[in-house]
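The residues making up each chain are set out below.
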Amino acid sequence: MDDSSLLTALAQIYPPERLLTSPAQLAPYESDALTSFRARPKAVVIAASQAEVIQTVRMCHQLEVPFVARGSGTSLSGGSLPCPEGIVIALNRLNRILRLDPDERLAVVEPGVVNLEVSRAAAPYGLYYAPDPSSQPVCTIGGNLAFNSGGAHCLKYGMTSNHVLGLKAVLPDGEVVELGGESLESAGPDLVGLFVGSEGLFGIALEVTLRLLPKPEACKTVLAAYRSLGEAGQTVSQIVACGLLPGAIEIMDNLAIQAAEAAVQAGYPLDAQGLLVVELDGEAATVEAEFEKLLAVIRASGAYDVRVARDEADRQRIWKGRKSAFSAVGRLSPDYIVQDGVVPRGRLGEALLEIQRLSAAYDLRVANVFHAGDGNLHPLILFDGRQAGALERAEQLAGEILRMCVCFGGSITGEHGIGMEKRSFLPVMFAEADLDVMHILHRAIDPRQIANRGKMFPA
Amino acid sequence: MLTESATASRLSEIQEIVRASSRLLPRGAGSKTAMQAAQADVTLLEVADLSGMLEYQAEEFTFTALAGTPLADIERRLAENGQYLPFDPPLVGRGATLGGTVAAGLSGPGRYRYGGVRDFILGVQFVDGRGELVRAGGKVVKNAAGFDLPKLMVGSLGGLGLMVELAFKVFPRPPAYTTLRCEYASLGEALEAVTRLGRLPLEIMALELEPSPSGAALYVRLGGIPEGFAHRLDRLRLILESGNQTQMDGQTELQFWNAQREFAWADVAWALVKIAVTPRNVPALDERLATHRAARRYSAGANLAWVAWPGALGTLDHILKEIRLPALTVLGPSGQARLGRQVGATFEARVRQALDPAGKWLVL
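As they're listed, the protein sequences go chains A and B.
For the first sequence, counting from 1, position 52 maps to 52 in the working numbering; every step adds exactly one.
For the second sequence, counting from 1, position 161 maps to 161 in the working numbering; every step adds exactly one.
Looking at chain B on its own, in the form it has when it is part of the complex (with noise of 0.2 Å):
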């Protein structure tokens, strides 16, 4: 963690080499290996040492942290204070941090409760095109003053500007969590079981889909007092209708969890994408998926597809345009970051042209 004046120095060095510069990515940990240049005129804005926990008051459910934090660090803190990140970010065993979490738009398993990193961005502090520090939205969970950059910033890929400092909001950490994993004979099936658990009242955390060659298992997972879990477990084993299930709990179910927020099923050798889905979107999909021999898993009640992709990313690229899905290329070969549909394309290009006129961040 810098010093504070350290942090100024550092800022004003950045903001120098932005008003020098005609090509620039910001780069945080590196974790997200399809997210970086392939061109070799772009200067690499290296932030990862714009780190640190700046204001952190656990009865707040806020905290501000510089872009270049490590989620490790930040899940650390929050932790000791029984409070967490509830949209579970990916990759924290890679090193991701929090500016690079915002900039690619990820989230995780819980997702499905409560939101995505979307949802919980208060506010920004970037630098622009103009080597220029801009402040957006707030520190505090509630606040409609002024454009929403903050969201804007979500997904951005680095191209509108460099993320210096965030802030967010946080929830408790559920005391206790429990899973129910249920085999069903076929994708259609599990699918149905998603929707259905997807309109009764329960308090799901997670619900993922693991497609697989004799059907699908669905991992739905619980999280509260433990005391409750006996009775929600009976009710939801009567609704999901599935002969073969398990329970995990304790730290199977916790590294299974871990597991699937690192993406320890794909194969490293493949590329890993992430696909804006809906439950009615994914037998197509899957279909596709399954000729091509990719691994799969389906995220967020259906909502969210992982999928690593054995082959050319181009054949991906082409199939999603097929089906109008977007997507973005997580892990892999850099230069083919977003794939598929490109929805509000020239509204994109009216807010970066507003935002970069220059041109200065490379667009992934």
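The shape of chain A in the complex, shown without the other chains (with noise of 0.2 Å):
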């Protein structure tokens, strides 16, 4: 396919304003969240309607030009890294909330819709939108669904995939599909449950149907410092032994905490070696006993410091800290790259000691900012671009962090996806049948590997 006649196709879909060809215009969309990945699109074509999608993709296939789509950008896995070869479909603008149902407790979206928003929109019928990644204000539904994020409260409340009820598609050969519907059951194969956090390999989302859940009455959060990672570490551990089944359970190491504090005025105490963040939320009066017995175990963990969020702005401070912690380890060094390994919880302990004992063999400093409860790392390996090898060799020791969690018996990536960046780590934790199987798979929903190519499957 020549630059020209793919340019007179998409015109014929796009007033010049929608269609971006010029690299002054590309530039923005040559990269998401991971900066370390960089590629110049063909043209970006901005969608304004499901049915410009449709057309968009149906000629993709039709000239096998690979398409790319995007959201906010906010892929920490490179999953919205434009194709060289291919058109990225913006779909930002593709930001409707079609209906929210407070009876029905449901709403459906377009997929650029923020995740944020749909918690607004829903908040005075005292319901909310449950997952919520750190990059939630920005952050749209589609990328959300197509790449399955979690956030904080995915032990109690699960992933992207389990509030998706519904969806309509385009899949790569222009085939238009409704999977699921408006109720939590169905009858047959789960294919929303396929189709939610296949990476865009499997066509592009257009109206996605989600479920709501009323608000907690109570939220009730905890700080607490230790002199050592370690015994943050162990008191998770004892909180999940005592029954409770918190909201969120955080944790940060001294150089995470330096750097949220210095970005967010959080309140953290900056001597910590290790900070927890409990939260249960519920109705008022459980929550209240509830978090008599947390505290108890906090004040038998060897805590050095207690505190609890005095109300709703303080509890909003101690989140904006915990939230902003990827950007904020941006003020210490040029570039960073953030890793999302899954460890079981039983061994936290040893995973950190051991992503301690490699930055120190690679001298490299490392922040460590993990979702405790569901033993889900984001180690953020720190070094400057700028020095001749420096990237590989962060990339090689974040490598080795993720066959460490491999080999704990844990997952590569717990919400950030496979994307660009992983891709070579997916056969560490699948075998060839495995692989296999996957493979065909995507060649029967898009024989002609268009859809955000060259993602998820090793090169």
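Some hints here could point you the wrong way.
[Claimed, not checked] Among the chain B residues that face chain A by a calculated CB cut under 7 Å, a handful are:
(1) Gly115
(2) Lys142
(3) Val154
(4) Ser156
(5) Gly344
[Said to hold, decoys possible] Ranges of calculated distance between the beta carbons of each label pair, as one might list FRET restraints:
(6) B/Gln57 - A/Lys320: 29 to 37 Å
(7) B/Ser186 - A/Ala123: 28 to 36 Å
(8) B/His231 - A/Glu312: 19 to 27 Å
(9) A/Gly389 - B/Ala79: 54 to 62 Å
(10) A/Gln62 - B/Thr315: 40 to 48 Å
(11) A/Leu270 - B/Arg324: 54 to 62 Å
(12) A/Ser22 - B/Glu192: 54 to 62 Å
(13) B/Ala79 - A/Ala433: 29 to 37 Å
Calculated directly from the structure, the hints in this document are not laboratory data.
As the structure is a prediction and not an experimental result, all values here were calculated from the model.
All C-beta atoms, glycine included, are put in the ideal place defined by N, C-alpha and C.
Take the two lone chains and join them into the complex the hints point to.
Spelled out as structure tokens, the structure:
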């Protein structure tokens, strides 16, 4: 396909102001939140309707042009990295909440709707959308769906997949399908479950039916500071062992605390080596009683400073610190890589020690922020990309961490997805026969391999 | 429970059978009578002997077990550690296995609070149509690597492969339960109570509706620390606006919910059908069901209808297609498992064709 016929075909669908082709226009789309990867697409189209998306996908299929769907570009795994021989379909303008039905507790939204907007729209009815990736003020539902995004509250509430009831999608060959529905239940294979988390390889979701939940009546959040990261980790096991089901259990290490505190003044104790954040949510009376139980565990756990969030504003401040930790770490270092491996919760301590050892061996600083309740690590590997070989060293260190996660019986990704970044590690986690079945399925849905080409599977 | 080596040799035996057969259907305990082969030319792959929990560490909130493991065994082990499968899998008393529950995609009353079987499955190992052993998903509570084949297996009715091993997430079981039963003069009023409750920040574990000729009864189940119940129940009573309320506790309460999971209310001579609904669909459905004198319950906050159907299933299928609801026959005559509306049929066909090009697995 030569460029000029591609552009001519696109110009039949899009007016000039929504068909971007000049280098200056394309530059913002060359990368997503994984900035170490860049690629310039042939064009970016800014779709304004579902019909345009369908038409574009059909054209791409016909001309065998790869396409990458993109929302806000917050993928940390390079999930929306453009394909140099293809186009980017920007979906931000498909941002309508088509229906919000408080009685049925659901919202039907277009893929470009921002995650937090769903909760905002549901708030007057006492409802909210539970999945809360840290990027929720900007990331879109389409991207959340494609990558089965998580967040801080997954242990109790699950990931995106647990909150998608139905969807309408255009498959890579242009077929439009509806999967699932509005009920919590279904009959037949869980096709919605298969589509969610397919990293854009199965096409583009055009409409998504999301489950809403009643906003918990009460949330109580406690911060506990420890002199070692290990102590913070052990406390997690004790909390879980006493039968509590916290909404969130997070841990930050000293480097992450320093960074977050400098960025948003969350009031974190700067000298702590491990900071534990635990949140209980539910009915006020229950939360009150369970919180006493939680505090008893924490007080006996060797925490040297325990602070309970005074009010909602204080609680928000604590979360702001945690949720801005990734970007805050950016202040400590010109570049960083975030990893997303998972280990069984019982092996968190071991995993953290191993990361410390690797950090020393590679002479690269590593900050740790993680969803401790899920065993989902987020080591941030700091490096200076201006130094020759620094990125490669950081990637090597990241790779060793991923191998460790698999070795411990965990996963190479908890919530960021494989994307571009971890595709060479998929075979570390899965055997040839496993990958073979995924390939077969992939080819059945996208025979020309045009949807988000190059992602998930090893090159 | 088989030893590791016996499991391995049984597995290669199964793989051999799969390679050599042209029409296959896995069979666990056979508790879901409607999900069996009606044809004679089908090789039944008995997997009830692939049984036993393989890994269970309570502090991880996860376990892995062979697919043929009876749920009763799993629930017993979990209970020893104060844990449970929060979706209250049905038919445990009839010997239902973990694999059968996944294949049928069945969840009981508890699915209202934390989700259904699809929300707790983490990983699967299965034998595909080529006889290959395939693993997907993981064993940890959070994982986003690769296509989510474990979820695809939920509701697959054995038609996409034979599940060998499954990994699940579990939760701590609430230390106590209490249930409030409220009577309403009409199903409409009871449904209104369901939607009202659904929007309030109440930690309701299960919410079930039982229509009757004189109206409907609503069962609201609370779980948690018993000291909190008095206050929570007072609050519920005010919200429910029903004059006739009774409270159930202890063994009576437990037995009531167990009976719900076992469908003790359904006539054994009738077929039992699950229908995916929302509260808004219920009036139209219920009216038709009442005309045909079907017994029924609405579970999971009126998201799941359980229907005991006295007549020919074809009639029910027709009704469900008309009101566009997908359904599944669980107990009763084989050969008519999927009823009503089929959603995403062409996508399903492509998935099926990809995973089983030779069409070995029987499609129920």
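For each hint, the structure was consulted:
Hint status for B/Gly115: holds, given a least beta-carbon distance of 6 Å to chain A, under 7 Å. Given hint, B/Lys142 at the interface with chain A, holds; its Cβ is 4 Å from that chain's nearest Cβ, closer than 7 Å. Because the beta carbon of B/Val154 sits about 4 Å from the nearest beta carbon in chain A, less than 7 Å, this interface hint is met. Against a cut-off of 7 Å between C-beta atoms, the interface hint on B/Ser156 holds, since the closest Cβ of chain A lies about 5 Å away.
The closest approach between the C-beta of B/Gly344 and any C-beta of chain A is roughly 4 Å, which is under the 7 Å cut-off, so the hint is satisfied. Checking the proposed 29 to 37 Å range against B/Gln57 and A/Lys320 shows it holds: the Cβ atoms sit about 34 Å from each other. Our hint of 28 to 36 Å for B/Ser186 and A/Ala123 holds, since their Cβ atoms are close to 32 Å apart. As the Cβ distance of B/His231 to A/Glu312 is approximately 22 Å, the hint placing it in 19 to 27 Å holds.
The hinted range of 54 to 62 Å is satisfied by A/Gly389 and B/Ala79, whose Cβ atoms lie roughly 55 Å apart. Hint check: A/Gln62 to B/Thr315, Cβ distance near 45 Å, so the stated range 40 to 48 Å holds. Separation of A/Leu270 from B/Arg324 is about 59 Å and conforms to the stated range, judged on CB atoms against 54 to 62 Å. For the hinted restraint 54 to 62 Å between A/Ser22 and B/Glu192, the CB-CB distance of approximately 58 Å keeps it satisfied.
Here the CB-CB span from B/Ala79 to A/Ala433 is close to 36 Å, well matched to the stated 29 to 37 Å.
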